[in-house]
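Engineer: Listed below, chain by chain, are the residues.
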Amino acid sequence: MAVDRRKFLKSGALAGGALITSPWVFSTGAKAAGEIKVGVLFSLTGGLSIIEKSLHDATMMAISEINAGGGVKGMKITAVAEDGASDPKTYNEKASKLVIQDRVPTVFGSYTSASRKAVLPVFEKRNNLYFYPTYYEGFECSKNVVYTGAVPNQQLSNFIPWIIKTLGKKKFFIVGSNYIYPREMAKVSKILIEKNGGEWIADEYLELGHSEWGSMVNKIKSSGCDVVLSNVVGDSVVAFYREYKNQGLTHDKLPICATVTSEIEIAAMGAEYAVGSFTSFPYFQAIDTDRNKAFIERYRAFVKDPKAVTHHALESSYFQVFLWKQAVEKAAEISPTAIREAVKGQEFDAPNGHVKIEPENLHTYLTPRIAQWLPDGQGKIIDAYKEPVMPLPYVAYGETPTNLFCTGKGLDAAKLKT
Amino acid sequence: MLEVLFIGLSLGSILLLVALGLAITYGAMGVINMAHGEMVMVGAYVTVLSGLWLGTNIFVAIPLAFIVTALLGLLIERVVVRKLYGRLLDTLLATWGIAILIQQAVRLEFGLSFLGIHIQGLGPGLQNVSVPEILQGTLRIAGADINRYRAFIIVVTAILALATWFVIYRTVAGTQVRAIIRNPKMAAACGIDVTRVNALTFAFGSGLAGVAGVMMSGFKTVFPDMGTPMVVDGFLVVVMGGVGSLLGSVFSAGILGEINGLVAAATNDILARAVVFGVVIAIIVLKPKGLFALKGR
Chain G
1 MAVDRRKFLK
11 SGALAGGALI
21 TSPWVFSTGA
31 KAAGEIKVGV
41 LFSLTGGLSI
51 IEKSLHDATM
61 MAISEINAGG
71 GVKGMKITAV
81 AEDGASDPKT
91 YNEKASKLVI
101 QDRVPTVFGS
111 YTSASRKAVL
121 PVFEKRNNLY
131 FYPTYYEGFE
141 CSKNVVYTGA
151 VPNQQLSNFI
161 PWIIKTLGKK
171 KFFIVGSNYI
181 YPREMAKVSK
191 ILIEKNGGEW
201 IADEYLELGH
211 SEWGSMVNKI
221 KSSGCDVVLS
231 NVVGDSVVAF
241 YREYKNQGLT
251 HDKLPICATV
261 TSEIEIAAMG
271 AEYAVGSFTS
281 FPYFQAIDTD
291 RNKAFIERYR
301 AFVKDPKAVT
311 HHALESSYFQ
321 VFLWKQAVEK
331 AAEISPTAIR
341 EAVKGQEFDA
351 PNGHVKIEPE
361 NLHTYLTPRI
371 AQWLPDGQGK
381 IIDAYKEPVM
391 PLPYVAYGET
401 PTNLFCTGKG
411 LDAAKLKT
Chain H
1 MLEVLFIGLS
11 LGSILLLVAL
21 GLAITYGAMG
31 VINMAHGEMV
41 MVGAYVTVLS
51 GLWLGTNIFV
61 AIPLAFIVTA
71 LLGLLIERVV
81 VRKLYGRLLD
91 TLLATWGIAI
101 LIQQAVRLEF
111 GLSFLGIHIQ
121 GLGPGLQNVS
131 VPEILQGTLR
141 IAGADINRYR
151 AFIIVVTAIL
161 ALATWFVIYR
171 TVAGTQVRAI
181 IRNPKMAAAC
191 GIDVTRVNAL
201 TFAFGSGLAG
211 VAGVMMSGFK
221 TVFPDMGTPM
231 VVDGFLVVVM
241 GGVGSLLGSV
251 FSAGILGEIN
261 GLVAAATNDI
271 LARAVVFGVV
281 IAIIVLKPKG
291 LFALKGR
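If you read the protein sequences in the order shown, they are chains G and H. Per the numbering used here, residue 1 is the first one in the first sequence, and the count goes up by one each step. Per the numbering used here, residue 1 is the first one in the second sequence, and the count goes up by one each step.
Please keep in mind that the hints were generated in silico from the structure rather than gathered at the bench. Be aware that one or more of the hints could be misleading.
[What the hints assert, rightly or not] Partial chain G-side listing against chain H, Cβ under 8 Å, derived: (1) Ile50; (2) Asn178; (3) Met216.
Just so you know, even glycine gets a beta-carbon here, dropped at the ideal spot from N, CA and C.
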């Protein structure tokens, strides 16, 4: 009884201390129990669940593989899975629950920028750590988020020069859904197009989720462009490619070069509408390496679906857990701050190739690739960067590898203005 | 220019396609049917499922979808809507609830997904319908490339509009429907079986929505939420045309479609949509009963 009482008093004191410092004192308790808890936060219901469920599955698969291999520092990883319900507000609530109630030292989650922005205040205020697996528009510099998806320069920096030099197309028609991601992508595209001696003749947007493409495709047809750069997102993509073919445009004469059209969208539109068009991503299911083939095999077995497709954000959801594991092994203690410091510079051989966390901005080195879509719904990789490219989240505002805007100290706002 | 006008016409025909069913359920019966978009969605799923399970194409799906959604409409009328005639706001809430139920039934595969059973073609994912070769690509008419699938939609919409006109204005049942629109009690006094005619009218309106769904499935992706935005456009057309007037719906769909097409061609799609809403607001302000209002005494 006396011992119990003493323990009680001790943890009471710790709780008191936790109020002043941080709640991480408690994670030593989790350590003793031989398990380490992490949060997994994706939408399992709602409109975005189609894609986010696959990210959730990939995360769970990585966790179970790590556990099967002996866990982290001899501890089993226990995933606390929550459902973001395709709603940013729910994301925020669930993130608070994971951080405050479950006291996890890290959460893996989010697909849309809207949901990431919604949980950001929770992680910054509580000084916790969030791993975000999706390609996004950049323009963010948080020391509480590790970004493992592509930023604009990693999708466009080889794509635009390749279109101009290899395809020989010079007049761009830029089209996108009307929100931040396509608009930032268009900004970066224009810089690169002008730098490589091309020109852009239009920069047009359609409402997100809108699927009436008649006027836009007609405009593309009469614009005199010789290539279309598409940043169209979601189910709009399907209607766009269908209308494109139905108005008699063909990808061999006027190809669509896309930054968002992945294996999932191709399957949803019917592959015959996309045959011959191009997409730029760091990862494609078609990457022809033993490591990737084994990865696809394991994923299909894990989700019990022999036809499941893999895609870029899914692959990042998978390998980021391994980067996290290496960081935990290196860190002196299990706290978000220690893990963050340890994750800087971590390297891993992912299904897409070698990846590395940039120590300054916590984004990931990835290898840009270009694929042309085949009738079976798979991409044929026709161009790849020689090595992983440094992530530059502020490239649209003049960021270069030698002049970083986002560093370990945070965003240099003075550079952004000039 | 011809191509721009054609696209406007096509936009108008798509608006009318969705609005035809609404013109009947809302215009004639005074039911704000929020589940109308879901009927469109069900029609689209009938196309997907008949393609997967029966191996049939989009032409076979048209009558099939009409029958399925008409029966579903009949069921909804019998179970819920019948008890709510004359209570406009209550129909809105009740049919909205039905809309959510139908959406979730498709998403959860009628609840079977909880038991681990999956029906191919249902569920939360995006489905697609393959369009017959003959409807893909373009036709060259008078120096302009005309999109075959859009031309097909215009033809189907015209046929449906004519059929609806014929049913409402040239048949005994249609005369009874129009009598009920004017004055249900007097119609009943004259020996018209109001409940029966109402049920059939609702089923007919739902069936038209199902056919709209088949046409939509050919150039959009099919998923459980697809119907919701369409119902808004449908109401715009019916309200602008004048509640209860078939001719009004035809004209307002044509006008809105052409405005949308022309403004989009001259500027961009986002502005075009704003202009369309602006025109509808202006017309409702200037002519509160719509372009072709029924003259009552």
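Engineer: Hint compliance check: list the failing hint numbers for this structure, sorted ascending.
Structural biologist: none
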